[in-house]
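> Below are the chains, spelled out letter by letter.
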Amino acid sequence: MTAAQLTAQELTDRAGLVPFGPKPRRTSAGRIGIYAFLIVASLFFLIPVYIMIVTSLKGMPEIRLGHLFNFPVEPTFQPWADAWLHACTGRDCNGLSPGFYNSVKITVPSVAISIICASINGYALTFWPYKGANLLFGLLVFGAFVPYQVVIYPLIIGLSSVGLFATLPGIIIVHTIFGMPILTLLFRNFYAALPVELFKAARVDGAGFWRIFFSIMLPMSVPITVVAVILQVTGIWNDFLFGIVFAGRSNWPMTVQLNNIVNTTTGVREYNVNMAATILTAAVPLIIYFVSGRWFVRGIAAGAVKG
Amino acid sequence: MQRSWRHRFHLPAVIGTIPMILVAVGVFVIGIGFSLLWSFTSSKLFPSYDFVGLAQYRRLWADNRWLVSVNNIWFFGLMSIACNMVFGYLLAVFMDQRIRQEDLFRSIFLYPFAMSLIVTGLVWQWVLDPNLGLQAAMRNLGWSSFSFAPLVDANTAIYALVVAGIWQGSGVTMAILLAGLRGVDEEIWKAARVDGIPTWRTHVSIVAPMMKGAFATAFVLQCVGVVRVYDLVIAMTGGGPGIATSMPAVYVIQLITVRQNVGQGMAAATMMLVPVLVVLAFSGLVLWRRKRRQEAAT
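Protein sequences appear in the order of chains A and B. When we follow my numbering, the leftmost residue of the first sequence carries the number 1, and every step to the right adds one. When we follow my numbering, the leftmost residue of the second sequence carries the number 308, and every step to the right adds one.
Hint data in this document are derived by calculation from the structure and do not stem from the laboratory. Note that the structure is predicted; figures quoted are calculated from it, not measured. Hints may be right or wrong, so weigh each one.
Keeping only pairs whose Cα atoms sit at most 20 Å apart, straight-line, the calculated SDA-like set for lysine to any residue is [unchecked claim]: (1) A:K131 to B:I328; (2) A:K200 to B:H317; (3) A:K131 to B:A320; (4) B:K351 to A:L159; (5) B:K497 to B:R405; (6) B:K598 to A:G138; (7) A:K131 to B:I322; (8) B:K351 to A:I157; (9) A:K131 to B:G323; (10) B:K519 to B:W496; (11) B:K351 to A:G158; (12) A:K200 to A:S215; (13) A:K131 to B:L329; (14) A:K105 to A:I116; (15) B:K351 to B:R366.
Produce the complete structure using the sequences and hints provided.
Right, dumping it as structure tokens:
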């Protein structure tokens, strides 16, 4: 469990260290080489998205000319509108928008429920460990490493036996289940770092399990909750496997709709519409990434610390 | 760690953690138990309890598609983890040279990780599309013999997956290793310089071994990513051309949905669990020995 010895906090703190010492004034060959390497690497990361953006703004005749890297001669936003409203999967031509609303309907309750469960778990494990609690926690951490494929089929059978397979509550339950190991670990580590005296004082004053949780722990959990929200929103929004298996056709999230639109085998491939659809699907997590900045890195690091 | 309230039974704590009890026991114990159970049966679309011993495992290991999948995941895993580590470390070292615009570079290297693997797969499918992507662009620029279409060739499609994996994941490796590099004491660099050790040698022999924690973190993250390679394969190649890029994760889902062969699917899923159990047992042993040594030392 402690294979990774850096905590999330340390990672971001160190990543955030400002370079110190005097700025190098000479532009030696070595410095040029450093920047050359970094810029070439940046191109590797940027070019695919550059291609997507310019292609999504071109009309199909212009795309067929094959000038992949050129700016659009006659920029058009029609592909974007088509992707949102009219793109087809099989016979349905409603575009991506139903997928977007489905993703919102799946993501919001899943994030809320999984974080509520995980914070109570972490709190109980830290301050109220009952007999067997640590064994349960061990099982949960083990679950973080289990390949999804091992438990997917039993879950399908279990959920369909209570009539929740291929429904919105079903997919929310699935996301809550698979978010629980890592989130519980996150909250447990956070509460374990709080001073025990805080809890003891509240106990002496006669506060019980829920009172201490709501009045003391919850207000202090804001930073870790922000990390958890970022982790869960991007994770659930980007999910494909659970969406396609558990959500059911009418609740398919945006990633599933996108894949269906793009990898549909019938008809002419409208590359501009496909690329616009892809950018729209990536937009939500990308906005979160650019707005949250350092918090996002901390979330990733927290995700890694489960090792 | 003697706390007076420890191990006393508190009903609210148990009630509050009912979801955890259900998930830990219901999903990760009973669920896996059922998967294991069904792998010994002749279940087709629905589970049955007609036990057939190890027949499903024998059929699994006689299935060419499964053998290809197993080969692929090892190849993809080793290639992508090795490339990610090397490229990520290089990026981290270059980022650590007190460069300007560090935040800008960091954002550029990391943003693919924020996006869905489906998006990554589609992006690279287009970049490598022979009629639309790099090959067409190069031919248009006048290099008419330029040939680069890894996705349509069964021998090279998996390399394309590795490239997409690097594009998506090496930024994170960079961020984690950079944090590790920044944690190495500045004095060590000075001491090595005084001793006249070349920079690359300091990196390989002194600094890298000191960053064990960061490397372990990055490695674990990579392994989890390799296991989740399902989305990337579906979006980029669909397991093709033919079965050339099939992976165990794809294979299992196909068996329980399209091919309606749950018994064999569960046998395959159980085989996926085996390496995880081996690694967990090994790391548990290492931790236990280290703990015992520490206790002996004090």
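> Quick one, are K598 (chain B) and G138 (chain A) close enough, alpha carbons at most 20 Å?
OK: K598 (chain B) and G138 (chain A) at ~18 Å, within 20 Å.
> For a C-alpha distance cap of 20 Å, please report whether K351 (chain B) and L159 (chain A) respect it.
Satisfied, since the Cα-Cα distance of roughly 19 Å is no more than 20 Å.
> Regarding the pair K497 (chain B) and R405 (chain B), is the alpha-carbon distance no greater than 20 Å?
Given pair K497 (chain B), R405 (chain B) holds - Cα atoms ~16 Å apart, limit 20 Å.
> Straight-line Cα separation of K131 (chain A) and I328 (chain B) no greater than 20 Å?
holds (13 Å)
> Tell me if the straight-line CA distance from K131 (chain A) to L329 (chain B) falls inside 20 Å.
holds (16 Å)
> Is the straight-line distance between the alpha-carbon of K131 (chain A) and that of I322 (chain B) 20 Å or less?
holds (14 Å)
> If you draw a straight line from the CA of K131 (chain A) to the CA of G323 (chain B), is it 20 Å or shorter?
Holds - the C-alpha atoms of G323 (chain B) and K131 (chain A) are around 15 Å apart, at most 20 Å.
> For a C-alpha distance cap of 20 Å, please report whether K519 (chain B) and W496 (chain B) respect it.
The hint holds at about 17 Å.
> Checking one constraint from the list: CA of K351 (chain B) to CA of I157 (chain A), max 20 Å. Satisfied?
holds (13 Å)
> Taking only the CA atoms, is the gap from K131 (chain A) to A320 (chain B) under or equal to 20 Å?
holds (11 Å)
> Would you check the hint for K200 (chain A) and H317 (chain B), treating anything up to 20 Å between C-alpha atoms as holding?
holds (15 Å)
> Within a Cα-Cα threshold of 20 Å, do K351 (chain B) and R366 (chain B) meet the stated pairing?
Holds, at about 14 Å.
Consistency note: the structure conflicts with none of the earlier hints.
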